[in-house]
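Given only the sequences and the hints, what does the whole structure look like? Please build it.
Heads up: the protein sequence lines correspond to chains A and V, in order.
1 is the number of the first residue of the first sequence in our numbering; add one for each residue after it.
1 is the number of the first residue of the second sequence in our numbering; add one for each residue after it.
One should not assume that every hint holds.
Any copy will do: because identical chains look the same in the list, a pair fits if it lies in one copy or spans two.
[Claimed, not checked] When the alpha-carbon atoms are kept at most 30 Å apart in a straight line, the in silico DSS-like pairs for lysine-lysine are as follows:
hint : residue 1 : residue 2
1    : Lys95     : Lys110
2    : Lys95     : Lys126
3    : Lys245    : Lys84
4    : Lys255    : Lys16
5    : Lys298    : Lys84
6    : Lys145    : Lys110
7    : Lys245    : Lys145
8    : Lys245    : Lys126
9    : Lys110    : Lys255
10   : Lys298    : Lys255
11   : Lys84     : Lys16
12   : Lys95     : Lys245
13   : Lys84     : Lys126
14   : Lys255    : Lys126
Worth flagging that the hints you see were computed from the coordinates, not collected in a lab.
It should be emphasised that the depicted structure is a prediction, and the values quoted were computed from it without experimental measurement.
There are 2 protein chains.
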Amino acid sequence: MLPVIVVHGGAGWIGKERAEGSCRGVQEAVLAGYRILQRGGSALDAVEEAVVAMEDNPMYNAGCGSVLNELGGVEMDAIIMDGKTLASGAVSAVKGIANPIKLSRLVMEKTEHLCLTAEGASRFAKAMGVPEVEEESLKTDYSRKRWVENLAPGSNPVESQMGKMGTVGAVAIDSQGNVASATSTGGMLNKMVGRVGDTPCVGCGAYADNLFGAASPTGHGEAIMKVTLCRLILFHMEQGMSPEKAADTALDYMKTRVRGIGGVVVVNSSGDWAARFTSDQMAWAAVKNDQLHYGLYKGESFTLPVTST
Amino acid sequence: MLPVIVVHGGAGWIGKERAEGSCRGVQEAVLAGYRILQRGGSALDAVEEAVVAMEDNPMYNAGCGSVLNELGGVEMDAIIMDGKTLASGAVSAVKGIANPIKLSRLVMEKTEHLCLTAEGASRFAKAMGVPEVEEESLKTDYSRKRWVENLAPGSNPVESQMGKMGTVGAVAIDSQGNVASATSTGGMLNKMVGRVGDTPCVGCGAYADNLFGAASPTGHGEAIMKVTLCRLILFHMEQGMSPEKAADTALDYMKTRVRGIGGVVVVNSSGDWAARFTSDQMAWAAVKNDQLHYGLYKGESFTLPVTST
Chain A
1 MLPVIVVHGG AGWIGKERAE GSCRGVQEAV LAGYRILQRG GSALDAVEEA VVAMEDNPMY
61 NAGCGSVLNE LGGVEMDAII MDGKTLASGA VSAVKGIANP IKLSRLVMEK TEHLCLTAEG
121 ASRFAKAMGV PEVEEESLKT DYSRKRWVEN LAPGSNPVES QMGKMGTVGA VAIDSQGNVA
181 SATSTGGMLN KMVGRVGDTP CVGCGAYADN LFGAASPTGH GEAIMKVTLC RLILFHMEQG
241 MSPEKAADTA LDYMKTRVRG IGGVVVVNSS GDWAARFTSD QMAWAAVKND QLHYGLYKGE
301 SFTLPVTST
Chain V
1 MLPVIVVHGG AGWIGKERAE GSCRGVQEAV LAGYRILQRG GSALDAVEEA VVAMEDNPMY
61 NAGCGSVLNE LGGVEMDAII MDGKTLASGA VSAVKGIANP IKLSRLVMEK TEHLCLTAEG
121 ASRFAKAMGV PEVEEESLKT DYSRKRWVEN LAPGSNPVES QMGKMGTVGA VAIDSQGNVA
181 SATSTGGMLN KMVGRVGDTP CVGCGAYADN LFGAASPTGH GEAIMKVTLC RLILFHMEQG
241 MSPEKAADTA LDYMKTRVRG IGGVVVVNSS GDWAARFTSD QMAWAAVKND QLHYGLYKGE
301 SFTLPVTST
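Right, here's the structure in full:
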């Protein structure tokens, strides 16, 4: 039943003009990751590749297309976690690089640490030979437009955020049974300079443990942190819940306890998977047994053979 | 049986020349917090006050006395969490302020966010009128000496760290039954610029939930993050374990699964408490029923009436 990969392109409300592109992007991303798994590659490589595809796609709030902070700048958070060793790597408030998820992987593999922030992360990127990119190259007309709209008095960036586009993420299990999780984001619209959300925080923005599975979230970061959403889902799976039941139980808890809306993709150690959300929409896609599954609205799930894509 | 407060001054090995000062400091800190609880103050105020006392004490690796990073600079992490609302506030890699725990409280209460990092945290501190202090005022002869020692080729800062002094933290439950947790640290000796450890990461460096209790950890930050130590302890208490059993079970798991050594202070919603560690020593102190308890070595627990202190 292995390998399996599931990705999301953010929970929220996605307008008609962006629905098609958003759905296409997650399918491209999941197939990019699946190709790695098919040729015997690792879950870690697959989730990284899938997230890179979405960071490079201006449709999503990660890498190019990230939302802008209060000063109109781009500060990004990302995390990757290896379920075999519980090792993870993360960056927070990093600027001027194209793929924060790749830098997170380098933090995991090339340092003694799990997270580097801001200037320290940039310093490390330089030392690793990661090319610096112009901040403007990460902005889009859409991100600039939304930033300006939310400068107006009385605007509500949190509501606006939930209404548009979100964080990206992926979980996978490879043919050796190793699981991994990866998440990347531009954060919250018009956030304060230096705001760090759930993404780079282990247990909140990702968790992966070969014994139980892996999860990657999207939604209101501050709510996700309050309930340590991914760790909560793993605990539920440890106690015998399916990925779907664990995801729904944790998302319901986040909604009732701290009024937080969001979504998750989850896989367990048997290769069962789920893509669940309490928002109106979440672009998601999964591949298992050479079948591509995808959806956008609640209850929606289309299936195609991978060979036809 | 309420209120109760428990503090720690870091897990590790504490030399004879620092043992007395380290024990005295945690007693002063726990009494400072207890005085607030005695006059009906909140658990949040009490843990903040206790941590401020230890940040101001050059004996500990937090505030003044913080270990230095690879460039000889001081970058501090802190977090505070409110068990009533699951709200928290944190700062990471913040420079040039005396009390990171106070700034964390301001992040929690004055922003929409849960964590601010590096320059963004400094920017917010300025906006809040928090005085900037000279970086040199946070250094001690001892922190400078250890930095130089660990620049030598073949030195092992991780081992050296565990051998000396650690993070500080506090948990409390007030007479209304509200719990809180607070943790503050200079991080890991000779760490990379921008390294963020477990402390500002919700569920790792602190967790507090009125339904179950609160925990604050110390030890090897990267190991604490891998197992989301505080959240794990809360889950164990949710499943019926006492604070002592929950702490021991989680610390054993951290030791066996990721070879991590550390310690924790824990309180549950009934006011039962524990101070447990897998390191050789941890300076800790607790007050309950007007009795001061304290210890440094494994198995050690002294008791004095608060009135005699």
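Contradicted hints - numbers only | 5, 7, 8, 11, 12, 14
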